[in-house]
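Q: With chain P's structure known, arrange chain B on it following the hints.
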Amino acid sequence: GNSVTQMEGPVTLSEEAFLTINCTYTATGYPSLFWYVQYPGEGLQLLLKATKADDKGSNKGFEATYRKETTSFHLEKGSVQVSDSAVYFCALSDSDYKLSFGAGTTVTVRA
Amino acid sequence: DTAVSQTPKYLVTQMGNDKSIKCEQNLGHDTMYWYKQDSKKFLKIMFSYNNKELIINETVPNRFSPKSPDKAHLNLHINSLELGDSAVYFCASSRGGNTEAFFGQGTRLTVV
Numbered sequence: 018g019n020s021v022t023q024m025e026g027p028v029t030l031s032e033e034a035f036l037t038i039n040c041t042y043t044a045t046g047y048p049s050l051f052w053y054v055q056y057p058g059e060g061l062q063l064l065l066k067a068t069k070a071d072d073k074g075s076n077k078g079f080e081a082t083y084r085k086e087t088t089s090f091h092l093e094k095g096s097v098q099v100s101d102s103a104v105y106f107c108a109l110s111d112s113d114y115k116l117s118f119g120a121g122t123t124v125t126v127r128a
Numbered sequence: 024d025t026a027v028s029q030t031p032k033y034l035v036t037q038m039g040n041d042k043s044i045k046c047e048q049n050l051g052h053d054t055m056y057w058y059k060q061d062s063k064k065f066l067k068i069m070f071s072y073n074n075k076e077l078i079i080n081e082t083v084p085n086r087f088s089p090k091s092p093d094k095a096h097l098n099l100h101i102n103s104l105e106l107g108d109s110a111v112y113f114c115a116s117s118r119g120g121n122t123e124a125f126f127g128q129g130t131r132l133t134v135v
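These protein sequence lines are chains P and B, in that order. Whatever position you read off the first sequence (first residue = 1), add 17 for this note's numbering. Whatever position you read off the second sequence (first residue = 1), add 23 for this note's numbering.
Excised from the complex, chain B in its bound form:
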């Protein structure tokens, strides 16, 4: 039983395309996140949702649009992909502030 699952695991696409990454958690958590990990392994918060409401949008270009249809899902849609968007994107969930987060396996996005 995977606690936080995201699909696809790998995504190779051309510049200018639009793509989506899906994330689901079965932990009953209220808070979900998207993180971006660059080639140097640095992890940066992109978005944080609590009870389907956007809490944090950390200066992410508006080509990135998260959508939370319900508390168990947080999808990430990316328009007009650029080379610099190549990274590993992690979805995570938690019970809220001051608690640990559980991470998905990551989506390796390669823009060519």
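For reference, chain P alone in the conformation it holds in the complex:
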């Protein structure tokens, strides 16, 4: 079956630091890949997505590239802010009517 493995947290950074969260996946078909963000006390929001190999998703300064050869979709941001403190989830969707999520990575950015 499909599965997603993402970097264990928690991650603590200073403002303006570089953030990377690793994500790898296993899928039988040709999935779409997503990063979701969950701010404290809120639901999940779609951060970015990529639907085929070599696509790059980007939003709010975050980027991730769909790498089929390494089955990866790592999330990066060049300069984080305190407001980026949240839980980040990598996910995939195949033709199986569900999203499979990674375990989530808690990111805390200090001023």
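There may be inaccurate statements among the hints.
Capping the alpha-carbon separation at 27 Å, the derived lysine-lysine pairs in BS3-like fashion look like this [as the list claims (entries may be wrong)]:
no.: 1; chain 1: B; residue 1: Lys45; chain 2: B; residue 2: Lys63
no.: 2; chain 1: B; residue 1: Lys67; chain 2: P; residue 2: Lys66
no.: 3; chain 1: B; residue 1: Lys45; chain 2: B; residue 2: Lys59
no.: 4; chain 1: B; residue 1: Lys42; chain 2: B; residue 2: Lys94
no.: 5; chain 1: B; residue 1: Lys64; chain 2: B; residue 2: Lys32
no.: 6; chain 1: B; residue 1: Lys45; chain 2: B; residue 2: Lys94
no.: 7; chain 1: P; residue 1: Lys77; chain 2: P; residue 2: Lys66
no.: 8; chain 1: B; residue 1: Lys94; chain 2: B; residue 2: Lys75
no.: 9; chain 1: B; residue 1: Lys90; chain 2: B; residue 2: Lys45
no.: 10; chain 1: B; residue 1: Lys94; chain 2: B; residue 2: Lys63
no.: 11; chain 1: P; residue 1: Lys66; chain 2: B; residue 2: Lys94
no.: 12; chain 1: B; residue 1: Lys59; chain 2: P; residue 2: Lys66
no.: 13; chain 1: B; residue 1: Lys67; chain 2: P; residue 2: Lys69
no.: 14; chain 1: B; residue 1: Lys63; chain 2: B; residue 2: Lys42
no.: 15; chain 1: B; residue 1: Lys59; chain 2: B; residue 2: Lys32
no.: 16; chain 1: B; residue 1: Lys64; chain 2: P; residue 2: Lys66
no.: 17; chain 1: B; residue 1: Lys32; chain 2: B; residue 2: Lys42
no.: 18; chain 1: P; residue 1: Lys66; chain 2: B; residue 2: Lys42
no.: 19; chain 1: B; residue 1: Lys64; chain 2: P; residue 2: Lys77
no.: 20; chain 1: B; residue 1: Lys75; chain 2: B; residue 2: Lys63
no.: 21; chain 1: B; residue 1: Lys67; chain 2: P; residue 2: Lys85
Selected chain P positions facing chain B (Cβ under 8 Å, derived; list incomplete) [said to hold, decoys possible]:
no.: 22; residue: Phe35
no.: 23; residue: Asn39
no.: 24; residue: Ser110
no.: 25; residue: Asp111
These aren't lab readings, by the way, just hints derived from the structure by calculation. The C-beta atom is built at its ideal place from N, Cα and C for all residues, glycine as well.
A: Quick look at chain B alone, frame taken from chain P:
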């Protein structure tokens, strides 16, 4: 305009009670889901419906019964609540496979 809305946001109840959580989406999506998020933030699919038909039932105890009266609604009824049912429950919808899902704000269920 809330795309996926679920009620209530908080639910505190005693063991053994029966409770329901309601979910509605105004996105015109055909597929709706219930996810459970545990205290470690891990998200697990419970049910998936497509065009009001149950597609996925991921080994959820039969105390949990989803009901989809129409494509815009997917409610979750829970019988005989147990302490271990305490979690945040998220409703979501999507256009189907290979597409992103849109999530509600969650229902924090606490069983005491």
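Q: Could you run down the list of hints and mark each one as holding or not?
A: Hints, verified against the model:
Proposed proximity of B:Lys45 and B:Lys63 is supported: the alpha carbons are some 24 Å apart, at most 27 Å. Distance check on the hinted pair: B:Lys67 and P:Lys66 sit about 20 Å apart at the alpha-carbon level, within 27 Å; holds. Between B:Lys45 and B:Lys59, the direct Cα distance comes to roughly 14 Å. Compliance with the 27 Å bound is thereby established for this hinted pair. Using a Cα cut-off of 27 Å, the hinted pair B:Lys42 and B:Lys94 holds, with the two alpha carbons roughly 22 Å apart.
Restraint check for B:Lys64 and B:Lys32: satisfied, since their Cα atoms lie roughly 17 Å apart, inside the 27 Å limit. The suggested pairing of B:Lys45 with B:Lys94 holds, with an alpha-carbon distance near 13 Å, which does not exceed 27 Å. A hinted pair counts as satisfied when its Cα atoms are at most 27 Å apart, and P:Lys77 with P:Lys66 qualifies at roughly 13 Å. For the given pair, B:Lys94 sits about 6 Å from B:Lys75 by alpha-carbon distance, which is consistent with the 27 Å threshold.
Among the hinted pairs, B:Lys90 with B:Lys45 is consistent with the structure: their alpha-carbon atoms are about 10 Å apart, no more than 27 Å. Using a Cα cut-off of 27 Å, the hinted pair B:Lys94 and B:Lys63 is violated, with the two alpha carbons roughly 31 Å apart. For a cut-off of 27 Å, the pair hint linking P:Lys66 to B:Lys94 stands: about 25 Å separates their Cα positions. Using a Cα cut-off of 27 Å, the hinted pair B:Lys59 and P:Lys66 holds, with the two alpha carbons roughly 22 Å apart.
The suggested pairing of B:Lys67 with P:Lys69 holds, with an alpha-carbon distance near 25 Å, which does not exceed 27 Å. For the hint pairing B:Lys63 with B:Lys42, the CA-to-CA distance comes to about 24 Å; that is within 27 Å, so the pair holds. At roughly 14 Å between alpha-carbon atoms, B:Lys59 and B:Lys32 fall within 27 Å of each other, so this suggested pair holds. Between the alpha carbons of B:Lys64 and P:Lys66 the distance comes to roughly 21 Å, so the proposed pair stays at or under 27 Å and holds.
With a CA separation close to 13 Å, the supplied pair B:Lys32 and B:Lys42 stays within the 27 Å bound. Among the hinted pairs, P:Lys66 with B:Lys42 is inconsistent with the structure: their alpha-carbon atoms are about 35 Å apart, more than 27 Å. Under the criterion of a C-alpha separation no larger than 27 Å, the hint pairing B:Lys64 with P:Lys77 is consistent with the structure, at around 23 Å. Among the hinted pairs, B:Lys75 with B:Lys63 is inconsistent with the structure: their alpha-carbon atoms are about 31 Å apart, more than 27 Å.
Annotation: proposed proximity of B:Lys67 to P:Lys85 holds, straight-line Cα distance about 25 Å (limit 27 Å). Annotation: P:Phe35 was flagged as interfacial toward chain B, and the flag is violated, the nearest CB pair being 24 Å apart, outside 8 Å. Contact between P:Asn39 and chain B, as hinted, is not supported at the beta carbon level, the nearest pair being about 17 Å apart and thus beyond 8 Å. The closest approach between the C-beta of P:Ser110 and any C-beta of chain B is roughly 5 Å, which is under the 8 Å cut-off, so the hint is satisfied.
For P:Asp111, the suggested interface contact is upheld, since its CB lies about 6 Å from the closest CB of chain B, less than 8 Å.
In the structure shown, a violation is registered for the earlier hints numbered 10, 18, 20, 22 and 23, in ascending order.
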